[in-house]
Structures are given as C-alpha cells and as structure tokens.
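Trainee: Now for the letters of each chain:
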Amino acid sequence: MAGDDEVWLDDEAGPLIRPYTVNAGRTRPTVELDLLSLVVTTGRAGSDVDPEHVKALELCHTPVSVVEVAANLRLPVMVTKVLLADLVDCGAIVTWASSSSSSHVTDRVLLEKLLDGLQRI
Amino acid sequence: MVYNESEVPPTQVKILIAGGFGVGKTTFVGAASEIEPLSTEELITAASMGIDNLSRTGDKSTTTVAFDFGRITIHRHDIVLYLFGTPGQERFWFMWDELSAGALGAIVLADTRRLQDCFAAVDFFENRGIPFLVAVNEFDDAFPYEPGEVRAALELDARVPILLCDARDTASAMSVLRSLVQHLLAAAPAPSV
Ligand SMILES: Nc1nc2c(ncn2[C@@H]2O[C@H](COP(=O)(O)OP(=O)(O)OP(=O)(O)O)[C@@H](O)[C@H]2O)c(=O)[nH]1
Ligand SMILES: [Mg+2]
Chain V
183 MAGDDEVWLD
193 DEAGPLIRPY
203 TVNAGRTRPT
213 VELDLLSLVV
223 TTGRAGSDVD
233 PEHVKALELC
243 HTPVSVVEVA
253 ANLRLPVMVT
263 KVLLADLVDC
273 GAIVTWASSS
283 SSSHVTDRVL
293 LEKLLDGLQR
303 I
Chain H
307 MVYNESEVPP
317 TQVKILIAGG
327 FGVGKTTFVG
337 AASEIEPLST
347 EELITAASMG
357 IDNLSRTGDK
367 STTTVAFDFG
377 RITIHRHDIV
387 LYLFGTPGQE
397 RFWFMWDELS
407 AGALGAIVLA
417 DTRRLQDCFA
427 AVDFFENRGI
437 PFLVAVNEFD
447 DAFPYEPGEV
457 RAALELDARV
467 PILLCDARDT
477 ASAMSVLRSL
487 VQHLLAAAPA
497 PSV
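Going down the list, the protein sequences come from chains V and H. If you're matching positions, the first sequence starts at 183 in this note's numbering and goes up one per residue. If you're matching positions, the second sequence starts at 307 in this note's numbering and goes up one per residue.
Don't read these hints as lab results, they were simulated from the structure. Treat the hints with care, since some could be wrong.
[Claimed, not checked] Straight-line alpha carbon distances no greater than 20 Å define the calculated SDA-like cross-link-like pairs of lysine to any residue that follow:
| # | chain 1 | residue 1 | chain 2 | residue 2 |
| --- | --- | --- | --- | --- |
| 1 | V | Lys237 | H | Glu347 |
| 2 | V | Lys295 | H | Ile380 |
| 3 | V | Lys237 | V | Val276 |
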C-alpha cells in the first residue's frame, strides 16, 4: 500500500520512497566517492559517532570498496557514501586513492596484465 | 590484505554482466567471483530518470535498484576486477551512469528461448561505445542455435564475439571473461612506440 511517503510510479517500478532518513535528509556526500573507491580507517575515530557510523567504521579496518561497505551495511550505495563522507570529514577514515578505472579504459598494459592474471586462475 | 600507507593501492577495474531477466547474471557472477556474490542497492532519483512532476515528493523521489557483484583479485599484477551483475529491471540501470562509467567492457548474456530480452543491453552498450561480447547461456531445454543465427537475430556487428557458455560453471565463466579481455585488447589502440 502506498502510504503518505510513497508514490507509485507504476507497478513494475515499485514505490518511490523519500530519501533515506538515516542521513538526516542529506543525499549529497561531501567527498567524491564512487562504487570502487577504497576507504580505510585512520585509527582516529571521533567520539560522537552514531551507531550507523560505527558499523561503517568497523568495516574499514582494511581497505574496502564503497560498494562492499554498502552491501555489508545493507544500505543503498548513495546512503553509504554519505556515511563514509562524514567519516572522512571527521578524520576517522581516508580514501586510499586508487588509480581510477576510467583512465585505464584503453590501457593495453593493464588489459594484458588482466588477461595474464585471468589465464592463471 | 594488510594495509600499509606506503603501499600503492590496487588498480580497480570493472566488467558488467548484463542481459534480460533471469538469464543467469547472478549465477555467472557467482561462478567467476572469489567471494560469494554480494548484493546491494542504489537509489535512483526520479530526476535522473527524466520523470517530472512527482507531486508531493518533488524531485527528491527515488526508486531502488538492486544489483549484485563479485570480485577477482589478481595479486600478481595488483589488480582487482569487479563483476557487476546489472539489475533485471533494466530500464532503471540504464539510467544509472555510475554503473557503466569506466567499465572496461561488458558481457551480454543471452537465452536463445528469449533472445529479444537482450536487445536493450546490446543497444545500450553499442550506444555508449562500451565494448562487449554476447555469451549464450545454454539452458538445458533451449534449442541449440548456431552463433551465426544468434548474430543475425541480434543484428550484431561481425566484430562482436558470440560464445556459448554455462553460467553455472566456473571454468566456462572464466573463459568468457578471458575472451572479453582478448576482445578488448584487439580493439585497444596499438601501443605507442
Ligand atoms: N540449466 C541452466 N540453468 C541456469 C543456468 N544459468 C542460470 N540458471 C538458472 O536460472 C535461474 C536464473 O538465474 P540467475 O542467475 O538468478 O539469473 P539473473 O539474470 O541474475 O536473474 P535476475 O537478476 O532476476 O534478472 C536460476 O535458477 C539459475 O540456477 C544455466 O546455464 N543452465
Ligand atoms: Mg540476478
């Protein structure tokens, strides 16, 4: 049933819900994160973190991708990004700059290494 | 993996596993992945779907799109390959730029009993210029088509590889992945001397 907070786009689409309340209405992370960005704890956790942030923090002891944190938190990616951006802002985690995927799309060396790796599995 | 600040992060790359509803995308990801496939979801905003006028909730309305993924770590070359199974509700993942942005390439799974189900994915990758191949997932009760018949039915460019596979089988899934990377290499610019 569509309640006050739901509008049905159509049957196939399912309910259109309001943005998650966990982020207190914020849907825009302050730090650029994509699905594959790696994050890791710094060991400097702030004291005023709420349970959602604590859970996220616990997943980042070793470098982990944003999409894996989202899957383990069972939260949508967009919501997870906001949580992680908060943790970056307060110094509890840092992004571990990865050589981003997009710049390598035509990189033969990378493709050759990838193929070599796949051939050894 | 023990994190050490002096270490260089791995190169992270992604390949999409697309195709129609129930064609075996999740099965394929699971067969190739070194971890149990994880599933998560993303909120797609109505604004990004080009839908206006959603009354009270305005342009902040969202719908969720579930997707699953797995990964393969290539320690020797410090590469982590992510496999993203696109959501069965294809009309939504098409709106989701982040999923396809930066993808090395895509595997379109096809079921010969319902070939038309993968038209949308084929069109999408053609339009975006994302290199792909078609892997026919051979279901037991499916009529065995020749790759040439599939090519004709899908009006595929002669350069797009068509393979047969069994999405449940790790060796078969890995072979499809290798074929895709070979296809990407063939299409990549020659090395500058
Ligand atoms: N016989 C046979 N069955 C398969 C094969 N691949 C997948 N299946 C079965 O087909 C069903 C659908 O497979 P999924 O991997 O869930 O398909 P999907 O594309 O992820 O489906 P959606 O995410 O719902 O679109 C499952 O019951 C699989 O066990 C195959 O190669 N042969
Ligand atoms: Mg699936």
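Trainee: Now tell me if each hint is right for this structure.
Mentor: Comparing the hints with the structure gives:
1. Lys237/V with Glu347/H: 18 Å, holds
2. Lys295/V with Ile380/H: 9 Å, holds
3. Lys237/V with Val276/V: 16 Å, holds
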